[in-house]
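As they're listed, the protein sequences go chains A and B. Numbering-wise (the numbering used here), the first sequence opens with residue 1 and increments by one. Numbering-wise (the numbering used here), the second sequence opens with residue 1 and increments by one.
These are calculated hints, taken from the structure and not from any lab test. Hints are supplied without guarantee of correctness; some may be wrong.
Stated by the list, open to error - Straight-line distance between alpha carbons at most 20 Å, and here's what the computed PhoX-like set of lysine-lysine pairs gives:
(1) A:K21 / A:K362
(2) A:K362 / A:K24
(3) B:K242 / B:K219
(4) A:K24 / B:K136
(5) A:K362 / A:K25
(6) A:K21 / B:K136
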Amino acid sequence: MAAEIQASEDERIRSETLATKLMKKPELGAIGGVILVTLFFMLTADSTMFTLSGIMNFMTPAAQLGILGIAAAMLMIGGEFDLSIGSMVAFAGMIFGALTVNLGLPLILAIPLTMAFAAAVGAVNGTIVLRTGLPSFIVTLAGLFILRGASLVGLKLFTGGSTQLRGVRDAVEGDWLARFFSGDALQGLFAWLASAGVIDTFSNGTPKVPGVPVEILWFIGFALIATYVLLRTPAGNWIFATGGDSGAAKNSGVPVRRVKISLFMLTACAAALVAVITVIDAGSTDARRGFMKEFEAIITAVIGGCLLTGGYGSAIGAFFGAIIFGMVTIGLTYTDFDQDWFQIFLGGMLLLAVVFNNVIRKRVTGER
Amino acid sequence: MTEHPLVEMIDIEKHFGGVRAVEHVSLDLWPGEVVGVLGHNGAGKSCLMRILSGAMIPNGGEIRVGGQPVQFTEPNDARAVGIETIYQTLALADHLDAPKNLFLGRELKTRFGNLDDARMLEEAREVLARLNPNFKNLRDPVSSLSGGQRQVIAIARAIYFDTKILIMDEPTAALGPSETAMVADLIRQLRAEGIGIFLVSHDMHDVFDLCDRVVVMNKGRIVGAHAIEEVSKDDVLSLIVKGELPADWSARNLEAAQ
Ligand SMILES: Nc1ncnc2c1ncn2[C@@H]1O[C@H](COP(=O)(O)OP(=O)(O)OP(=O)(O)O)[C@@H](O)[C@H]1O
Ligand SMILES: [Mg+2]
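In isolation and in its complexed conformation, chain B is listed as follows (with noise of 0.2 Å):
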């Protein structure tokens, strides 16, 4: 039915200085996919996330979205094609309340152009119960809120919006055990949506939970794509820490699919 993926990277490049954050990497993604993306700290996962979501500019490379070459210079750009981002650092307004973060830059207004205040704050109230039931904190400014708290208004900006793709970079970082279990969810939920996510992510037990494909970038570099079948929890480590699969992997495979 769909021809092309809903997006694709082809030959991203990302330097500063001397540092090569990001090297010919090419990547896609299709609707109702998660394709986790793994690697150690400071590989260049967030650097091509942000790539992706607007806001940072590679120095190489092509975005296609739809089959489409596009160009972002800004996170509004992506944003408007339907991409969603939920950055590793969170990206909140520390002295404004939820709803007017979650409208941040979207905002809703009345007939006369001024913020429409009861509107932001009943939907804000729906797409937040949606993730945490007991999100009650509406009217405080996110500067009081716990980490986990501020998570979920990041994700339910995220959501709130007509997305396609969604970019999440480390989500469960700062989440409890029951609301980590809540984005789980939520994930499959938006899957079963045909949203296509990215999930960047250090919990293997999350990807190999999640992830339809897995995706591991080493020193800038994507060192390995494989379907999540045909891989092992060992066999990404041993991607993420030494750059390729372990030395039997191929025989093993072969082994599995007869």
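Okay, chain A solo, but in the shape it has when bound (with noise of 0.2 Å):
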């Protein structure tokens, strides 16, 4: 009998090699194309692109987007999608500015409230994509032209006609979590660094990069937690299932409305997050803000590997989807391309990338 059972053992799944592991990671075509986009800027940047500084440099817009798009590539496992985030920007960002400037709170309190506004309309969005059972892309798509028209309205309210709010810089000035949300962050050690001749320093001793700017620690923060939490907890798998098919993960006691609402919450409250960065640091909040900015997200989270049809993704690969998005962008102006390039350049990326991960997942897990 045992004889029997080892002879109709199944052999053929054995043979899993390291290269079909790695092709089962979602994030495989991001890293592939990081690897790709960098090959082809040592070929034709200025070698200045690759120093200390002109990392920073394309890492600064990379995080600023990679904080929306992890939340994106969470939501889009989960199953929906959010047109309304680069809106969102604007519109946090307005009441930001409302709460600093007009109101005069100390960022202890104004930074919770933008969150919990960005928070409550995340709620309210998937609530009506949950009851009405309509398409988060349609529902969102209302919300992209409403955030964006109250900003205008409100940034006229508040500045008594203007669509910019100027006098955040100076409204923020010596508060004390300032710090933690604009400039540059570990500047002690970038010091030590130059001292210590690691790196590149003035010809008076400062170091030429005084510190990492706050947002690239955010994201680095960000991405390390989403991947945790998608990959090492039950929420993860409730994510994943929810997005894979919603009715099957209820049927195992899922609480898929949960799951999804939340979902909303995060991506709204990272859009938030993005503008009171960008706010601070410009020292003003206009209406134009975040413009465009859900389609980057969604573009980074397809890039990191996520399916349009939800249940599949990982943040990893968002983060590095948005750093090949900062590249491109930054990356042409130290080459002799002409800037305008550039969307030709994401466009084809994205493109790239859909189908090369299409390909592999096919391949791979044998799907339909």
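Starting from the two chains in their separate frames, assemble the complex, guided by the hints.
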């Protein structure tokens, strides 16, 4: 009997090579993309692009986009889209500006309140999607216009007619929380590295790069936490299950509603975080803030290996997707190419990523 | 010993617009009993079972578990009182692997609150091996498994936890002969452990082989409920198709009883 079972054991599944194991990772395409784009710019761009200050230059926009992209990826894994996050950056920026400038609130109150506003809008988005059963694509497309319009109306209201709200820098000046949301972090480390001769310095001995822009740390931290949640916690399982087949997930006892609404709140809060960081940085906010970011965030998620059908993807993939984005945006200025190639380049990357991910996924998982 | 059935459904109703999927259905289940639920396609079997598993909310009627009225608004409510379901359309998360599916919604956690992958893998290996000794693809997303392998995971999930009532909606429809035999053995074993089972099936052979009682639905109503000894396959077939027993049934049955 035992011999019989031995004989009928399925031999086909043993021969899993390292290559197929790697190919099963959704983020493979994005990592490959980073390597490709890096090679491309090493060949075509000025060598200063890959110095420390060059890297900070492209990592800063990558981080701002990546915070949105990782949230968009988690939502997309959960089976939904949010086209309103770009407008949410403007809306949250407007709220944040009004709280700090008009009401003069300290950051310890202004930031949580901004987040709460954003989360509430996200919860409304999610509730409408779940209640009506309409595609989130459509519901949040309405949000895209409503929030953009509300930002405009709100800004005029708070400034007495202008579409730009100034004075944020003065308002947050000296606030102890400001250093977590603006400027450079790890300055002590960089000064020490400079004195040790590890990084480039000006002739007076101060480092050429004074520290890491805070958004890069937020970006990395968010990517790590998101990855941990997705892969190592029950909540992560629920997100994958909900996005894969929400009916099956519900039958299995997954709180599908709670999962989806939380994800909508998360994307909105990610947009609010980007708003806070960029508004403090710029010292003002305007109605065009975050323009088109919803599409860039979705592209980031897709380059990162997310499937539009949900249930599949990774936060690390979106992390690398955003880095590709930053490299391409900034990298072209280091080359002889005209800046106008940027969008062509991005569209091409998106197409390549989608086709690549699709082929790999079909081959590896043998899906229909 | 037990005064109450495991579960009683009393006068259950479910409508979809004009469609009366379930009409005035009353049904009970006792410990260690296997009740076959039969009927033509669209008779309302799955609806009735989904109501009992909390996946569908009835328009009327009452459910009692161990004599106590209960109200299910979601599958977790039913699961909490020991009702587990193997759905006709499998409820698996395609992109997750077998252990994660097995524990979906009831994940094992370490002291730190993160997933205890090692323990879930071990437990999954054990319970799956009980159903299919050849099951090896524990780390693959279940979308890449065969229909039978997926079915095995669904069954494993239903028996792993503290199950008192098991609902199986056509559990062997996707299975090969040896897996079907395995499921039949499993049903006998679970019955011996005192678990009550509703078995929805179109397979007359399985039903007569495994069930203590058959219930036949026709257009949303129960048209016959009989101990398996008092009916023949032809009788049941007549109930399914015509909604009534053959004309000579009571005469035949009286004869047999004497
Ligand atoms: N979610 C739903 N919405 C609308 N109508 C439904 C729904 N689910 C079931 N029905 C209808 O209810 C009736 C009973 O369906 P049910 O799935 O219970 O049949 P069944 O007896 O399980 O059939 P089968 O043997 O094909 O599985 C059918 O007429 C079906 O069209
Ligand atoms: Mg059915």
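Each hint tested on the structure:
{"no.": "1", "hint": "A:K21 / A:K362", "result": "14 Å, holds"}
{"no.": "2", "hint": "A:K362 / A:K24", "result": "10 Å, holds"}
{"no.": "3", "hint": "B:K242 / B:K219", "result": "11 Å, holds"}
{"no.": "4", "hint": "A:K24 / B:K136", "result": "18 Å, holds"}
{"no.": "5", "hint": "A:K362 / A:K25", "result": "13 Å, holds"}
{"no.": "6", "hint": "A:K21 / B:K136", "result": "16 Å, holds"}
In this structure, none of the earlier numbered hints is contradicted; all agree with it.
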